[in-house]
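Q: Since chain F is already given, all that's left is putting chain A on it; use the hints.
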Amino acid sequence: MSKFKKKKKGLPAISTASLPDIVFMLLFFFMVSTTMRETDLLIKKPVLPVASEVKKLELKSLVSTIYIGKSKDTRIAGDKIQVNDKIVEVKDIPSFIFSERALRKEDEVKFMTTSIKADKEASVGTILDIKEQLRDINALKISFSTSRGNDLSSNYK
Amino acid sequence: MARREIGEINAGSMADIAFLLLIFFLVTTTMDVDSGIARKLPEKTDVQSDVIVKEKNVLDIVVNRNNQLLVENEYVKVTDVKRLAMKFIDNGGGIGTPIDDKPGEPCDYCGGEKDPNSSDHPTKAIISLQSDRGTTYGMYISIQNEIEGAYTELRNNLSKKLYGRTYDELLSDYKDNPSKSLQDKIDDLKNKYPQIITEPEPIK
Numbered sequence: 021m022s023k024f025k026k027k028k029k030g031l032p033a034i035s036t037a038s039l040p041d042i043v044f045m046l047l048f049f050f051m052v053s054t055t056m057r058e059t060d061l062l063i064k065k066p067v068l069p070v071a072s073e074v075k076k077l078e079l080k081s082l083v084s085t086i087y088i089g090k091s092k093d094t095r096i097a098g099d100k101i102q103v104n105d106k107i108v109e110v111k112d113i114p115s116f117i118f119s120e121r122a123l124r125k126e127d128e129v130k131f132m133t134t135s136i137k138a139d140k141e142a143s144v145g146t147i148l149d150i151k152e153q154l155r156d157i158n159a160l161k162i163s164f165s166t167s168r169g170n171d172l173s174s175n176y177k
Numbered sequence: 028m029a030r031r032e033i034g035e036i037n038a039g040s041m042a043d044i045a046f047l048l049l050i051f052f053l054v055t056t057t058m059d060v061d062s063g064i065a066r067k068l069p070e071k072t073d074v075q076s077d078v079i080v081k082e083k084n085v086l087d088i089v090v091n092r093n094n095q096l097l098v099e100n101e102y103v104k105v106t107d108v109k110r111l112a113m114k115f116i117d118n119g120g121g122i123g124t125p126i127d128d129k130p131g132e133p134c135d136y137c138g139g140e141k142d143p144n145s146s147d148h149p150t151k152a153i154i155s156l157q158s159d160r161g162t163t164y165g166m167y168i169s170i171q172n173e174i175e176g177a178y179t180e181l182r183n184n185l186s187k188k189l190y191g192r193t194y195d196e197l198l199s200d201y202k203d204n205p206s207k208s209l210q211d212k213i214d215d216l217k218n219k220y221p222q223i224i225t226e227p228e229p230i231k
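Chains F and A, in that order, give the protein sequences. FYI, the numbering for the first sequence is 21 to 177, going by my numbering. FYI, the numbering for the second sequence is 28 to 231, going by my numbering.
Bound conformation, chain F alone (with noise of 0.2 Å):
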């Protein structure tokens, strides 16, 4: 009989009404977590050195970061740093960290690191004139930020 006829069965198709939540999901993700530079480089973006002693830097609030790379343009030689948006001189160096400490509560000062984000083709002169400026103003806890990895060869050529 015609009315018990078979129903022919296939497998139904996946909703994909659910897609546009997953979607938003990771969005929304994204969009919290993305961080936008706040700082523009000035400078060349330094090529960080390569090491594998590397400790992570807790407490990221507390970091004030000093940039050491050459100068956009290729006819100035030497070294350039930048703090915050602007090139500066070694010697301005405790005024921004002076600044930097203003914004922060007082007890945390004592937390505070300085991460000086250097390219591997920077001399050490200028790294060790901006290690005087920070002792000077007891400043004494920095980090010389690496990239994460074991061959070290790249590092001097």
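Derived from the structure by calculation, the hints contain no laboratory data. Please read these numbers as outputs of a predicted model, since none were measured by experiment. One or more of the hints may lead you astray.
Heads up, simulated DSS-like pairs for lysine-lysine below, C-alpha to C-alpha not over 27 Å straight-line [stated by the list, open to error]:
| hint | chain 1 | residue 1 | chain 2 | residue 2 |
| --- | --- | --- | --- | --- |
| 1 | A | Lys67 | F | Lys125 |
| 2 | F | Lys161 | A | Lys188 |
| 3 | F | Lys90 | F | Lys106 |
| 4 | A | Lys71 | F | Lys151 |
A: For chain A alone, coordinates are given in the frame of chain F:
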């Protein structure tokens, strides 16, 4: 006149819009973890005190502007620094620094050769890194990395002998659940192999 039904807005393109946004944020997101070699600078003091240090307790590392290395007046490669530093620190040829008025004791945990012409004790062993102003930063970091590696390996070895776990494992354990006993162990290891690195004025 027949009323026209207002059709529903098609939501099918919602996923496309969301995807577009998603891809934008995927591309722009930077989750850079800032990592590096941590160093603590020595405090500045007004009083200049002359500390007499025996020549044999200092490992001289000199690097010139051509990125060439001298360790104890011998030309070496960067990759040798770790081995030489470990040998020097772990030598244990004499007695250590007196702590709290107690006389210094010979190093009972060192695995070195006990060479009388090398360092007395890990607590006395000083590594001196003298660089030129023209040395490249990459080279400088490589040497710092090797020295750091030497200390880490020595601490790891000792930790494994005493507690059955490496120093790195102790540190990561401590980060997960800080406890007093773990803190004591870490401090003990740090005290047994303290990092004493000095950087004299660079060569001009």
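Q: With reference to the structure, classify each hint as holding or not holding.
A: Results of checking the hints against the structure:
{"no.": "1", "hint": "A:Lys67 to F:Lys125", "result": "21 Å, holds"}
{"no.": "2", "hint": "F:Lys161 to A:Lys188", "result": "31 Å, violated"}
{"no.": "3", "hint": "F:Lys90 to F:Lys106", "result": "14 Å, holds"}
{"no.": "4", "hint": "A:Lys71 to F:Lys151", "result": "12 Å, holds"}
This entry does not satisfy hint 2, going by the numbered hints stated previously; all others are met.
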